[in-house]
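Start from the sequences and build out the full structure, keeping to the hints where you can.
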Amino acid sequence: MQQALLQMRGISKSYGEVRANAGVDLTVMPGQILGLLGENGSGKSTLMKILFGMVRPDAGGIVYEGRELAAGSPREALARGIAMIHQHFTLVEAMTVTDNLMLGFSDDRGMWLDAAATATRIREAAQRYGLDVDPAKRVEELALGEKQRVEILKAILRGAHLLILDEPTSILSPPEIERLLDFLRRFRAEGHAVIFITHKLGEVLAVADEVAVLRDGRMVGTSPVAGATRQSLAQLMVGRELQAPVERQRATPGPVRLSVRGLAATDASGVQRLRGASFDLREGEVLALAGIDGNGQGELADTLAGITAPLAGSILLDGVDVTRGNAARRLGAGIAYIPADRAGTSLVQGMSIEDNLALRDIGQSPFSRWGRVARGALRQLATQRMRDFDIRARHPEDAARTLSGGNQQKIALARELSRRPRVVIAFQPTWGLDPGATRFVIDSLLALRAQGAAVLYISSELEEVMAVGDRIGVLSEGRVVSIVDRDQADLLSIGLAMAGTPDEAAA
Amino acid sequence: MDAAVLLDFLSASLRIATPLLLAALGGILCERGGTFAVGLEGQMLAGAFFGVIVTYFAHSAGLGLLASALGGMLMALVVMVATVRFHAEHMVTGIASNILALGLTSFLLRSIAGGSASAMRVPLLETWAVPLLSDIPGIGPLLFRQPPLTYVALLLLPPVILFLTRTRAGLALRAVGENPMAAFAAGIDPIRTRAAAILAGGALAGLAGAVLSLQQVGTFTDGMTGGRGYLALAAIIVGRWMPLGTLVACLMFGAAEAASLRLQAFSLPVSSYIIQMLPYLAALLVLAVMGRGARMPAAVGQPFRTR
Amino acid sequence: MSPVSPSADRPPVDGQAPAAPGPSTGHDRPPTLLLSAITARAARAAPLWRAVSAVAMAFAVTAGLILLAGKDPFQAYAFLLRGAFGSWDRIVVGLNKTTPYLLCAVGIALCFRGRVMNIGAEGQLALGGSAAAAVALGMGESPGWLVLLLALAAGAGGGALWAGIGAGIRVWRGVNEVLVTLLMNFIALLIVAELLHGSLGEEGAGFPQSPLFAPSAWLGKLVPRTDLHPGILIAVLAAVAAHVLLWRTTLGFRWRVAGASESAARYAGISPGRAVFGLMMSAGGLAGLAGAIECLGVHYRLIEGFSAGFGFNAVAVALMGALNPLYVVPSALFFGFLETGALAMQRQVGVPSSLVLIIQGLTMVFVLSGLGRAGSAKV
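Chains as they are written, first to last, in our numbering: chain A, 1 to 507; chain B, 1 to 307; chain C, 1 to 379.
It is possible that some hints are incorrect.
Some chain C residues close to chain A (C-beta under 7 angstroms, calculated; not the full set) [as the list claims (entries may be wrong)]:
(1) Ser142
(2) Ser261
(3) Ala264
Derived from the structure by calculation, the hints contain no laboratory data. The C-beta atom is built at its ideal place from N, Cα and C for all residues, glycine as well.
Put into structure tokens, the structure is as follows:
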């Protein structure tokens, strides 16, 4: 029997309370492409970072090419022939492709750089693997697909035998994806191996030999790709017991409140993540959008809330075009926003609870009069809110950072929901919260819906989406796809849509 | 204006530019590695001081020069420990080290020399004419009849340029200054690299101080660097963090000062203060025009922390 | 910087609040509460410890240097204390010296808290003083109170304007404000030098200075027959006003949010650019006012070098005061009296007054290292 190229045994890693990896075993054979599947939070990235040495495991060991691999050293991993292509490139933008590739080559090459020789090697490798790149160009001038090719060439020129790719296709266009898959086949043909992290089943089926699925930090199964179907893979990825359904009345949706057409936006680094989202949101209903991170969720939320300006498209609130307008205007128009980032955006950690409760409305009465903050009114309101939303803290003056995650989120909820908004946009509102706090958040949103608000609920937690939504859709590749009514939604088809292959039957 | 006056002016420009150039080269190494080189002023001062002290007591200019480099490195060590080890904010730490250097050198001077500080004179480093070359009419006296440290400064340019552009270590340094995470993922140690860059910069800045005390004045007086360290910083900015550009900037600044000292001869209608302002205005202009794309090392001033 | 939204890995990002163990909607758990109370109090007291330990270490190292120089540190420090507090005259000198430190540091504290690293206080102070001098000299025969009022206003306005230019470059060109304000310091000092040799200079004086102001334009004495001028009152008032502004007004609220994070500011509907302008011009105004007070109350003229050292040292004062306008008051007093005592120490013990620079420099380095270690460039 052929000896395994890589064996990871019993890998465990926790960050505080959160168990990113729990006793994971992974085996890769030479000349094999392994697809590593899993949702957000399943632990895929952590596992690979441990393999590459960027993160130290709490327990477990790695054997590579028959020898133990020391943990915590990318240098060691690189020297042994393991290379990782990250989602966020580790390239020096201001330097040329050649410079970037010369960086960090092992020391036996002497003191002087030989740019010409390196450029030649780059061209040779590019030729052999079909990775087209101009060695003389500066990295900042390259398109994202080209940058990724540079990262891959870096790995190849260092003699990598095992390539780890973390969600490589999320930034690529279809023809570039084809080119990448083609490269992987050629790489495999040379006898090397690849671990390919993805949530897209189509790609896995197209190129992988074996599939391993992680869920909640555990390895739930491996299977050869031959003989697997999209359904069987999707089942592995998402299939699990649903929690007891949340108590809810039937929705009686009213007229359309928010109408979004063709909304497009880029993320902070300029990648266009939102590519034309369209949907209607009705009064008294929850539209829940599922999807894996990176498909435009944050951009949709921020754009609707007025924090970033859209590239294209329109937003109509009760028929009025509000597309041009900032956060303050949206707020004034009655759109509440609960962002995902509790640490830096929806709350100021260093400020007190009462200050955070007034964060967006400080300029208006009763919070201030003539430019002076009305401490008394602020305190009164804060105390009331803390009671209404059961925010556990000693005193409204305590800093937000002293509260637990759940209570912090309650501050954001209290602030946004108390204003009786007409539209609520909730983005990952239960991230990092325990089940009790999660329940509270969901109940609050449902209560608001009962009062007639229109709620847009964006989350990568499939259970919640299924539990909360009156209508359920999926954000995939920057578009909203397959919106179905709650009764018609089934986990599998949603899982497929999330994984980039909308099931025909569920259209 | 006749040729002799012009030649004298150009020669003076080069002489005045020398300490700026040395300090700026050190600053370039430091900043390319990702640390703001605000501490150049204090490092120069320390270099000037230790250069004089050691030359005086050891009767050796060579040892004095070595001491000045070490003195600069000493002040740089303070910056290094604070910023690299403790992640202190670069700019303010640099300023603090300058204040410290000012106090330290004055204090040590008084402690060692007591009241007779001004009597601690050392012989100046003399100009040395390169045989044959210095006899070339015109540029001969200009380029080849200069004091030794001026030659050193000019001769250091090619090695520094080669180092930055053609060596593995230079590439690593530049990467650390642009994107320390990328360098780290490539197997480089950003912490050690930054530390080395800061110290090397300090050594050069110390040498720049020696130009003032050992080559130009012959003794040490409190605060004798007079803001030249900050001027070197401005030169780095105007030179866009590249050695050749910085050379040009230093020469221009040197010319500005030389001109302000020779106002009568040139009968310029502009006051010397306006002229002295030009280097800083130039730096400000360069920054404002380039704006966000200032081409400075992208990660300069940011602490590097690993998990 | 890594993306804001939760990514593939679940773990809390740096700076995230630690989740309390156990269900958060359960009953209050006393042990957790007590622990968080203690850590909260410790966190509030940390800046004080930081300042005190930094000062203590600076004094210790300096004592070592004094020993090396062959003198007795205890004796030296005794004279330092006596020189600072030994008599009413000394205390008056100390209070006068504190004034510019306090004014500048309050402004710097506001800025740094808003994540605007303004180190241009020296230039703002110098130009403020020049503006005040110009008014004082130009209005010769007008009633004293009018001259003083306008001169002080001109001082504040001049400093604010200078700072505003820097703010503009920062906001509209995206240039690092540290570099901008640093360079503008030197330009400002040269402008003042130019003025002293030109329009504001005194003919025939051996030293770059302006003519003496008319006595009616002198900032009077707070306590008759002493040298104490009302500057210290103005400075303390400014510190209190800054405190009130920061904590009791909507403007201060907005500045605090802008200082916490840009994304939070945008979320809250605050314009980051406007905050930068507001902060820098306020700081510039305070520094300019300090310059005006120095000219009108201490020197009674514009004189070369009157601004030396205040700007950079004020940064240390602000940092040691944990960027809190009220705590900056004792911090400024410390620096002011330290300088006063140092001069006396030099005369009596023969220990050079440059020692005070060493103490200041070391204190700054230690405070900055402590802050860096604690993970922030501001409190």
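Taking the hints in turn, this is what the structure says about them:
1. Ser142: violated (34 angstroms)
2. Ser261: holds (5 angstroms)
3. Ala264: holds (5 angstroms)
The structure is inconsistent with hint 1 alone, although it conforms to all the rest.
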